[in-house]
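Enquirer: Listed here are the chains, written in short residue letters.
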Amino acid sequence: MAQQIALEVVTPTGAVVNEDVDIVNAPGYGGDFGVLANHAPFLSTIKIGILSYEIGKKRENLMVSGGFCEVSNNKITFLVESAEFGYQIDVDRAMKAKERAEKRLSQAVSHDESINVTRAEAALRRAIARLKAANIK
Amino acid sequence: MPSLKEVKTKIAGVKKTAQITKAMNMVASAKLRGAQEKMEAFRPYTSKFNEAMSNLSGRNSGGSFPLMEQRSVKSVEIIVITSDRGLCGSFNANIVKLAEQKMRAYEAEGKTVSFVCVGKKGFRTLRKTGKVRKSYGDIMGSFQMFNAREIAGEVARSFVDGESDKVELVYGAFLSVARQVPAATDFLPVQPIVDETAAETAPRISGEYIYEPSAEEIMDVLQPLYLNVMVYHAMLEVGASEHAARMTAMDNATNACKDIVSNLTILYNKARQAAITAELMDIVGGAEALK
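Line by line, the protein sequences give chains A and B. Residues in the first sequence are numbered consecutively from -11, following our numbering. Residues in the second sequence are numbered consecutively from 15, following our numbering.
Just so you know, the hints here were simulated from the structure itself, not pulled from any lab data. Remember, predicted model here, so these are calculated numbers, not experimental data. Be aware that one or more of the hints could be misleading.
As the list claims (entries may be wrong) - Residues from chain A shown here face chain B by an in silico Cβ test under 8 Å; the list is partial:
#1 -10
#2 -1
#3 10
#4 13
#5 15
#6 16
#7 17
#8 29
#9 30
#10 31
#11 32
#12 33
#13 69
#14 73
#15 123
Just so it is clear, CB atoms sit at the ideal spot from N, CA and C, and this is done for glycine as well.
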């Protein structure tokens, strides 16, 4: 058995994951990155996207929204605003949210309301990430 | 002496009030449990967050961040977080009082003051001052991180735009179920956090950290997040305090009702006795007259 790293995913509503894992893949600021055991101390911001980790042959996918992560002492901690397991995601709801956000975006572009655009874009990114997390097997 | 019927209706009325206050007490205690759990769940997040922030600000000394900018203070903004509903004793009144004290103190120094109200109760009192810039009502019942983000974002924007030079946060701190006190903390400019407990437990290795992007850019992202965390935390505390305060208030009300009922019962018995005596006198008087 390869060495493991302690993974912790914390959201404002509580800890979501607290396990020893083999590898973590996360959507960092400069693109996706992977972390194995005994990684050097590391701090990165996290974008909306998919966080995945593996324990043996088991692989889990989570949709995470913005935050940051810290690696130190063979421990990786994610502080994100929300985290949902792929199997917990309501695909229909995410689909609807995606459509809604797309519609709002197309409307907002023609009327030029700057606040709505950033909000709708974030909503769209979240919806896409949710769908992706739900669909990966 | 009031008539028998009057007293009887009064007793029935007070008993009903006692029922309601008792029910409200139980509802508040159930909600308090929920609010406390929510606070509990948030604690790991804040402690981790502060750890990371102190780690970062430990190395960041020269950087200039719009949210940390220290200016000479001309205008102060006060975020006042209260509950949306009343019937919780002097809880909201105390928070508002503290906010007004702050206002007077700053105005005495010749600074202008504006309020941002979260929760309807504070707004209702403070709007008389005419200084409420923005108000968020009806959100204390079920709020989430994004509510806090909206509020923090708006306040941060006005700070960065130079509309306010200093922001304070006034809320009700939850010390225990029996004790809630109004509290004030500095909100903006962001103070570098020095978390001593974190520094002791985790040996400082910040110098060796790999940052992605640079430490300064991470700071730029973390600072607004930090504000969200602060607002959210204060809202959680107010939520829990509100229910705890309501529990106490309703308990007192129920006890007061019981006292009134026992007093009224004595009054009722006296009135009944007086009526019986009067009746007897009548009968005796009537019998005497027939002789």
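Enquirer: Hint by hint, note whether the structure agrees.
Expert: Evaluated hints:
With a least beta-carbon distance of about 22 Å to chain B, the hint placing residue -10 of chain A at the interface is violated under the 8 Å criterion. With a cut of 8 Å, the hint placing residue -1 of chain A at the interface with chain B holds, because the nearest CB-to-CB distance is about 7 Å. Using the Cβ-Cβ criterion of 8 Å, the hint placing residue 10 of chain A at the interface with chain B is not satisfied: the shortest such distance is roughly 21 Å. Because the smallest distance between the Cβ of residue 13 of chain A and any Cβ of chain B comes to about 15 Å, over 8 Å, the interface hint for this residue is violated.
The beta carbon of residue 15 of chain A comes no nearer than 12 Å to any beta carbon in chain B, farther than 8 Å, and the hint placing it at the interface is violated. Interface hint status for residue 16 of chain A: upheld, as the beta-carbon distance to the closest one in chain B is roughly 6 Å, under 8 Å. Because the beta carbon of residue 17 of chain A sits about 5 Å from the nearest beta carbon in chain B, less than 8 Å, this interface hint is met. Hint on residue 29 of chain A holds. Least Cβ distance to chain B is approximately 5 Å, under the 8 Å limit.
For residue 30 of chain A, the interface hint holds, since its Cβ comes within 8 Å of a Cβ in chain B; the closest pair sits about 5 Å apart. The beta carbon of residue 31 of chain A is positioned within 8 Å of a beta carbon in chain B (closest approach about 5 Å), and the interface hint is therefore held. A distance limit of 8 Å between C-beta atoms decides the matter here; for residue 32 of chain A the minimum to chain B is near 4 Å, and the interface restraint holds. Hint status for residue 33 of chain A relative to chain B: holds, with the closest Cβ pair at about 5 Å, below 8 Å.
The interface hint given for residue 69 of chain A is met, as the beta carbon of that residue sits about 6 Å from the closest beta carbon of chain B, less than 8 Å. A distance limit of 8 Å between C-beta atoms decides the matter here; for residue 73 of chain A the minimum to chain B is near 17 Å, and the interface restraint is violated. Because the closest C-beta pair between residue 123 of chain A and chain B is about 25 Å apart, greater than 8 Å, the hint is violated.
In this structure, the earlier hints numbered 1, 3, 4, 5, 14 and 15 are contradicted, and the remaining ones agree with it.
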